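S.K.: The listed protein sequences correspond, in order, to chains A and B. Just so you know, we're using the working numbering here: the first sequence kicks off at 1 and counts up by one. Just so you know, we're using the working numbering here: the second sequence kicks off at 1001 and counts up by one.
Hints may contain errors.
As the list claims (entries may be wrong) - Derived, one-sided and incomplete: chain B residues facing chain A with beta-carbon distance under 7 Å: (1) Val-1008; (2) Lys-1019; (3) Gly-1022; (4) Val-1039; (5) Leu-1041; (6) Ala-1043; (7) Ala-1045; (8) Leu-1046; (9) Ala-1049; (10) Gln-1054; (11) Val-1063; (12) Ala-1064; (13) Arg-1067; (14) Leu-1071; (15) Thr-1095.
Since the hints were made in silico from the structure, they are not lab data. Note that the coordinates shown come from a computational prediction; the quantities given were computed from them, not determined experimentally. Backbone N, C-alpha and C fix where the C-beta goes; we use that ideal spot for every residue, glycine too.
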Amino acid sequence: MPLLAGGELKKNSTSEATAGYREGVRAIAPICVTAVVFGVSFGILAEAAGLGWLAPIVMSATTFGGSAQFAAVSILDNAGGVVAAATAAVLLNARYIPLGVSVAPAWREGSAWRRLVQAQLIVDESWAISARGGGRFDVPVLIGAGVALYLCWVGGTALGALAGDILGDPATLGLDAAFPALFLALLAPQLRERRALAAALAGGLIALALLPVASPGIPIIAASAACLIGLRGSASSGRYAGRAPSL
Amino acid sequence: MSDVWIVVCVVGLATVAFKGVGPVLLGGRRLPAQLGGVVELLAPALLAALVVTQTLGAGRELVADARLAGLGVAAAAIALRAPLLLVVVLAAAATALARTL
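In isolation and in its complexed conformation, chain A is listed as follows (with noise of 0.2 Å):
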């Protein structure tokens, strides 16, 4: 991976920013085939799940994250009613605040609305494929990347929703359990960090309690406290030394 050095990241001129668009869509090209069968298989779910076509398309353009659309429609399917549906995958994305003030430093060109746009192209794998490395990040690569996921999984999410019916029965061909199937994958990686195991333990545990006498949602809605495990053990700032945490 070519590394920059600290005086020419600033320049940025227009020919810097095509070479690191085009760097950052040679980048993610490999794990573009997978957004696009990700996608694919987003439109058969939700259509099968009862959203239409339309709807799967529309929030796979608006919200492109793929963990948080599969909840939120997951739930729906389940009964679970709006408020938890919104909720759940509202809280998901929540991790996007995060990632976009890491990135934020870098963050300089062009008027606000611009940079509104530009920052819907950050997912998990556009921020992670344009690090560079103690805190830096390259826009342009983040940007290339971004278009080519968000291409892919559109046009993926399109292609499943259109051609969904196709298919029987969801249930029959084992469909409901591609859901937990999928989290699953999702929350693998995350693992490696014990306070992320710890959360990833407690929140499934808070689940399991709540199911049997909570309406649906509701376990899941509950389980976020038990990110409130970050409180403690992260670097200190002190800033909010004093205040009771909370949701």
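Mind docking chain B on chain A? Use the hints.
M.R.: Relative to chain A, chain B alone:
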């Protein structure tokens, strides 16, 4: 407006705001470390809760059915570093197979 469209709009608007807040407003400043530490753990906590409820939940009941077989196969596939698509397809196939037994 139907339930589906309410969810699509709310989640879409919230996500646009979440992604934009750093690049648009902060420009150099960082999130307080403690807050960042908490938000970081939202994803693992929620994903684990989703695995539990989508595998064992049936309305307000805990049930052990064919989905468990699917999740077991998925876990094995993940441990063997299978690609995401294969994990999901194997889980669905194992569940469908378990239902026919």
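S.K.: All the hints need checking, so say for each whether the structure fits it.
M.R.: Against the structure, the hints come out as follows:
{"no.": "1", "hint": "Val-1008", "in the structure": "holds (5 Å)"}
{"no.": "2", "hint": "Lys-1019", "in the structure": "holds (5 Å)"}
{"no.": "3", "hint": "Gly-1022", "in the structure": "holds (3 Å)"}
{"no.": "4", "hint": "Val-1039", "in the structure": "holds (5 Å)"}
{"no.": "5", "hint": "Leu-1041", "in the structure": "holds (4 Å)"}
{"no.": "6", "hint": "Ala-1043", "in the structure": "holds (5 Å)"}
{"no.": "7", "hint": "Ala-1045", "in the structure": "holds (3 Å)"}
{"no.": "8", "hint": "Leu-1046", "in the structure": "holds (5 Å)"}
{"no.": "9", "hint": "Ala-1049", "in the structure": "holds (3 Å)"}
{"no.": "10", "hint": "Gln-1054", "in the structure": "holds (4 Å)"}
{"no.": "11", "hint": "Val-1063", "in the structure": "violated (10 Å)"}
{"no.": "12", "hint": "Ala-1064", "in the structure": "violated (12 Å)"}
{"no.": "13", "hint": "Arg-1067", "in the structure": "holds (4 Å)"}
{"no.": "14", "hint": "Leu-1071", "in the structure": "holds (5 Å)"}
{"no.": "15", "hint": "Thr-1095", "in the structure": "holds (3 Å)"}
Hint violations for this structure: numbers 11 and 12, all remaining hints satisfied.
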